[in-house]
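Peer 1: So the sequences go chain by chain: A and B.
According to the numbering used here, the first sequence is numbered sequentially starting from 35.
According to the numbering used here, the second sequence is numbered sequentially starting from 15.
Not one of these hints is a red herring.
Below, in silico cross-link-like pairs of lysine-lysine (DSS-like), each with a Cα-Cα straight-line distance of 30 Å or less:
hint: 1; chain 1: A; residue 1: Lys-146; chain 2: B; residue 2: Lys-91
hint: 2; chain 1: B; residue 1: Lys-297; chain 2: B; residue 2: Lys-347
hint: 3; chain 1: A; residue 1: Lys-146; chain 2: B; residue 2: Lys-98
hint: 4; chain 1: B; residue 1: Lys-358; chain 2: B; residue 2: Lys-79
FRET-style restraints, in silico, Cβ to Cβ:
hint: 5; chain 1: B; residue 1: Gly-121; chain 2: A; residue 2: Asn-211; range: 52 to 60 Å
hint: 6; chain 1: B; residue 1: Gly-52; chain 2: A; residue 2: Tyr-123; range: 29 to 37 Å
hint: 7; chain 1: B; residue 1: Thr-97; chain 2: A; residue 2: Phe-147; range: 19 to 27 Å
hint: 8; chain 1: A; residue 1: Tyr-123; chain 2: B; residue 2: Gly-101; range: 42 to 50 Å
hint: 9; chain 1: A; residue 1: Ile-166; chain 2: B; residue 2: Gly-121; range: 44 to 52 Å
hint: 10; chain 1: A; residue 1: Arg-120; chain 2: B; residue 2: Ser-51; range: 32 to 40 Å
hint: 11; chain 1: A; residue 1: Tyr-123; chain 2: B; residue 2: Asn-307; range: 46 to 54 Å
hint: 12; chain 1: A; residue 1: Gln-143; chain 2: B; residue 2: Ala-305; range: 23 to 31 Å
Because the hints were derived from the structure by calculation, they are not lab data.
For every residue, glycine included, the Cβ atom is placed at its ideal position computed from N, Cα and C.
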Amino acid sequence: MTLTLALVQILNGLQFGLILFLIAAGLTLVFGVMDFINLAHGVQYMVGAYFVAAFTAMTGGFFTGLALALPAALIFGLLLELLIFRHLYDRDHLDQVLATFGVIIFLNQAVKFVWGAAPLNVPIPDALSGAIEITDGLLYPVWRLIIIAVGLLVGLALYLVVNKTKLGMLVRAGASNAPIVSALGVNIRLLFTIVFGVGAMLAGFAGAMIAPILSVEPGMGDNVLILAFVVIVIGGIGSIRGAFIAALLIGLVDTLGRFFAPTLLRALLDPSAASQTGRAIAPMLIYILMAAVLFFRPSGLFPAKK
Amino acid sequence: MKQSLKLAGLATLMMSVSAIPAMAQEKIKVGVIVSLSGAGAVLGQQARDGFNLAVKDLGGKMGGKDVEVIVVDDELKPDVAVTKVKGLLERDKVDFVVGPIFSNILGAIHKPVTENKTFLISPNAGPSSYAGKECNPYFYVTSYQNDQIHQILGNVAQKRGYKKIYLMTPNYQAGKDFVAGVKMDFKGEIVEESFIPLGTLDFQAELSKIASMKPDAVLTFMPGGMGVNLVKQYKQAGLLDRIPFLSTFTVDESTLPAQQDAAIGMFGGSNWAPNLDNAANKKFVAEYEKAYNSVPATYAFQAYDAALLINSAVTAVKGDMSDKTKVIAALKKADFPSIRGSFKLSNNGYPVQDFYLTKVAKRADGKFQTEIVEKVFSNYADRYAKDCAAQ
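Assemble the whole structure, with the sequences as input and the hints as a guide.
Peer 2: Right, dumping it as structure tokens:
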């Protein structure tokens, strides 16, 4: 029984980690290739969730909603790049942080203005809304299994694109040394735009996939942004492989920590105190992990080679 | 020279301001201070709308005088609330302050209002802190004492013979009050007291644990957006058909528009529900839905009753607010037909009323509301009233 529960918690950790990966993948490329700190990346996640909510309500089906939301998220990301971010690439990091932070505030309010402050509800497609019984009484929602499958597929696709295609080669080269790539005659601006658009769309995709589980509300991207930064710092900035491994690591450590810490502490404390301290300690674990990684590998687990 | 000119100007200004209360006010002024922005915005809007509806039903008059309602937003920030409430007291010279929604805001405005000898009527927050020794003749509550709602759940769990229950709550003071409230009447085993970081949105790890522990019921206090997520995920995890879900401030008409079908069949504790069967309540619910296009929650009805309470006192003193002791005596009588039915005030200004177990249902018109399952407590006063020295 405890073993199955541990397995289920591992599934939970994987699912959480894969959502983080979808968000962090774009962030790490944008940071790595363009040396651009984009705090507004979490906003893409929120916008993706809102788009899927709006289009699902409009068309009546989640998948048609998703099919419309993805290009919308891509266009939205490209618009932001064209109008705002493009002018920040040559500025220093402080300017980028300030400007993109302003974008967060503006878009959180804009979303509230358009859709209201109350959370929106996105229904899961009926066929996928059930739960699978793993063992007696222990159920697992089908939708979360789909998130895991889709997350793994996206991870595989990104791996193939980055490692086996010419575009991927340019991206890797850009992450190592952008000026030289540019000097070799590659249109680095176009490369930047493509990377940015794909990254924005992936974050929007994460928001769209999570929308049926979480309520869609203003500011929902702000919390995941912090975790996404933890992921790319642990994984090594600019590395898709690093982001993938670090995201799963964070997902598992966070989920299993919440599960095991209270149980383990019971050996030392009374149940009520164990439950409280355990759940207080668990969220710290990922930051302790980050500190440890930075101590031993200051540029992350899989840094892009410089 | 400049300085003394300024001083002179200030002195004139102060004299002219202090001259105003000497004249009897032509109107009854009520300041409404609720949260209209931020996370609690929906609750504050309901309270504001409920109050305005009552004033409209009273024909805009109380005790023969016109009523002026001044609404301000506390932004769910105690420091902002103090500034705004001082504006109501000093600039607007209100006779009554109605608000707030949240207990932490009440903690900030209680002293400035009551020390100014202005009446403070809370349409929602009812913490224990002002119910016992610190009770005040200028403070009245039309909702409940907070513990009572949590106690309903523990009482129901005990009566239904649940042997082991699972408690889940955010890790802050109100969550601890929830656990204490449940334990008052529940004597069985509590298999887990799960204190979750405030702001958690994904509960899957907890839900897996619940599924494996198989408690007889899950009791939770998960307000706002956290509750919206928990309810959806509880249904998705397939637990709703297996383990009863009893909650406080987690499923009500303010969250149901987002929770929808996922919440059907979930239980809650309340002092009222939209389907409470009496003529005054039916009229209130119908009018509210017509005017504001949403189903009222307790916040709206408690604010409506706050206006009726004020009206009863102002009518009793014939609109003459000058003798505060007379107003206090009139308020304490609570001589008005509450839309919840039976209603009195204890000597501490908190209600004596009935409490119910409610259940979420979908109405014929497709909207969602809580409905009464059974009465849990009758004419129930809070346990702190005995410590209140005021008579």
